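Chains as they are written, first to last, in our numbering: chain X, 1 to 424; chain R, 1 to 424.
For the record, the hints were derived by calculation from the structure and aren't laboratory data.
Heads up, a few of these hints could be off.
[Said to hold, decoys possible] Here are a few chain X residues that face chain R, going by a calculated C-beta distance under 7 Å: (1) Leu14; (2) Ser26; (3) Gln39; (4) Thr72; (5) Tyr102; (6) Leu281; (7) Cys301; (8) Asn305; (9) Cys416; (10) Pro420.
None of these values were measured; they are calculated from a predicted model.
For glycine and all other residues, C-beta sits at the position ideal for the given N, C-alpha and C.
There are 2 protein chains.
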Amino acid sequence: MKAEIIAVGTELLLGDILNTNAQYLSRKLADLGFTVHFQSVVGDNPQRLQQLAQQAKHRSDIVIYSGGLGPTADDLTKETVAAAYGDPMQFDAAQFEKIEQYFKACNKPMSENNRKQAMVPANGKTLENRNGTAPGALFEQDGKIAILLPGPPKELVPMFEQEVQPILQQMQNSVLVSRVLRVYGIGESVLEGMVSHLLERENPTAALYAKTSEVVIRITAKAENKQRADQMCDETAQEFYQILGSSVYAEGEQPMEQTVVNLLAEQGKTVATAESCTGGLLSQRITSVAGSSKVFECGVCSYANRIKQSILGVPEDVLNLYGAVSSETAYYMAKGCQAISQADFAVGITGIAGPDGGSEEKPVGLVYVSVTDGTTVWIHRMVVAHRSREIVRFSATQKVLDMVRRLLLHLPLADCECRPIADE
Amino acid sequence: MKAEIIAVGTELLLGDILNTNAQYLSRKLADLGFTVHFQSVVGDNPQRLQQLAQQAKHRSDIVIYSGGLGPTADDLTKETVAAAYGDPMQFDAAQFEKIEQYFKACNKPMSENNRKQAMVPANGKTLENRNGTAPGALFEQDGKIAILLPGPPKELVPMFEQEVQPILQQMQNSVLVSRVLRVYGIGESVLEGMVSHLLERENPTAALYAKTSEVVIRITAKAENKQRADQMCDETAQEFYQILGSSVYAEGEQPMEQTVVNLLAEQGKTVATAESCTGGLLSQRITSVAGSSKVFECGVCSYANRIKQSILGVPEDVLNLYGAVSSETAYYMAKGCQAISQADFAVGITGIAGPDGGSEEKPVGLVYVSVTDGTTVWIHRMVVAHRSREIVRFSATQKVLDMVRRLLLHLPLADCECRPIADE
């Protein structure tokens, strides 16, 4: 079945925002077995939108729209596409009440414009929006389907997954199943060399995607039913596991922080963090996981040396002798953090995120990360070559999360200095 | 002049890569005064590309293509677009030699396919590629222009800036200037009501874009020269300032954390943070700003009540009597954080980010944020209705950053409880 994606919004044509919805929807449609043959962006212009809607309806079985469902006068997608599919719109009192309640809950005044958002398809379907005021819509005519989603990804993604995906799966007779393996610690080109024979197959297919501080392997199998497709994915996944072992840290949409929080929760263990150059990014990543309050004790973000001393107990002479960015300071940060938090694992990060502050001896991108279980401190020295502040910070948190994961799984910690905690 | 952008590549339709070129080219074309009215993505399919090329030539004065200039059999953009603009291609011995030399310099073997890349327009122009083997091309027929650029951004961006921009500037007689105002504290639809008369003008135009916890206003003026366009933007910006006052917190690509770090640095002041439900997101946002180490003292992420007591000094009976999510706890978090850090401003955040942990009395989305200058504590109670963990957390940090901004600028803090710090 042929599909196409149309994003509506002058802000896309001005280059104000990046069209990430097109990528998300394309991947989802590919997984579901639809062939996306066009993506388009058109402005908040009724004539051009109308023309494109007619053309798309003619050449594609299914057209997914994003954007232009808001309350303002230039949000025209719903009226325009409704007309193309011959669906009169009608006012929905229940939707209107939802919108009213939404504004009440936010304690914000509702504007008269928001009334427009309660107009829904008379013949088609209304798609619930649990994360905003604009409901989505589905129109159908002559076996051709249009699906309208709100523009903000935070509203579009859950609406697609909860409301649209079940409809699309029903439309397909063959089932596509995907499985994602997440790999940490092996770069993309080395990984490609290790698994090249698995990347050449036709069904299941497997492909690598390089992300910041990890590589994602996507396996996709096509079969007559889900059971068979699942089995095919399993078999291929097993081949990857045999080659990559514990470098595969998780499957699916489960990032490293979720993996570590899950392991801690399963084992009834807790963690605490002491951060310098990452400035709270690590605690933020851990606590972004729902339910992390059971495993996270506390985080100390000790930017000033004075705080490293007063809260974490890093000795003044260590800071003077070795500097704040040193293996010794990382040791004391983990140790001190464990002492104040009494957590099962405590982490320390100190480094130079840049863009300034680097020297020949201690360049931008140099980070010491440390983990302790209360008895031993493991310290890793890393130099992150992509010298953007953001990448240095993310890479350091990713590495130290992987170290906690390895301790929890009793896996070896490579490239680490290992120091028993001395009673001082 | 009307422009459109066409990206060619099946990998875009599969969602394997994000179309960042479209955003880059759109912004550049807008700056140069072209009206981009379409963006499209089409696969490596000669029929569909041919149809789209004809349609685009018909409706647009200038069409910019990206991708499909490589050496492989499915790289068809050059042949297909050349045919649409009636330009026969010819073999260029000098280009071929350049390609040969490129491979020699990389120490890579050259394939016979690369010969294809030395085919250049007979009537149009060849655009030099200093960062790869595929030259770009320009075709012209009946006053309509097509420009073909390579797909990889590392090749496309320098080719655009060095080869294409001078051509486009010559084509334009007028200059376009844009200015962005960032607004916090007023929702999109209320804002639209307040400034609707300014949104209806033709030159300068002004448009609103809703982002998470803020709204962006983009003013764009068209004039015969930059000076005049700048002046027109200034005048319109002043009209917005007169209506919105201090709700405009910054201009351009400067988020709230950058605004606050800049103000602190200008005034030689420092800040410290005590976070519960935001888990370090606030300290992470502040320290994501390069140079923030001069203004940021420390952050304490006190997830466990025990840590709220031991590090921040929140009294046990306050936690027992009012709970961790309360105005009283927020008061003691800011007060305690100021005491340990000795920062000029200290912030406290405590709330329920969800998805679990809510009750009727204290629902998910309830957050108390507080700020102190060491003498007084201002506390704001908010209920964030978008009940995703991420949005609750971001909104709380945005609010409290705005409170710090207002204190730094001696602006009133609306909707805040105000308590002098008592010596206890």
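Violations among the numbered hints, reported as their numbers in ascending order:
Violated hints: 8, 9, 10; rest satisfied.
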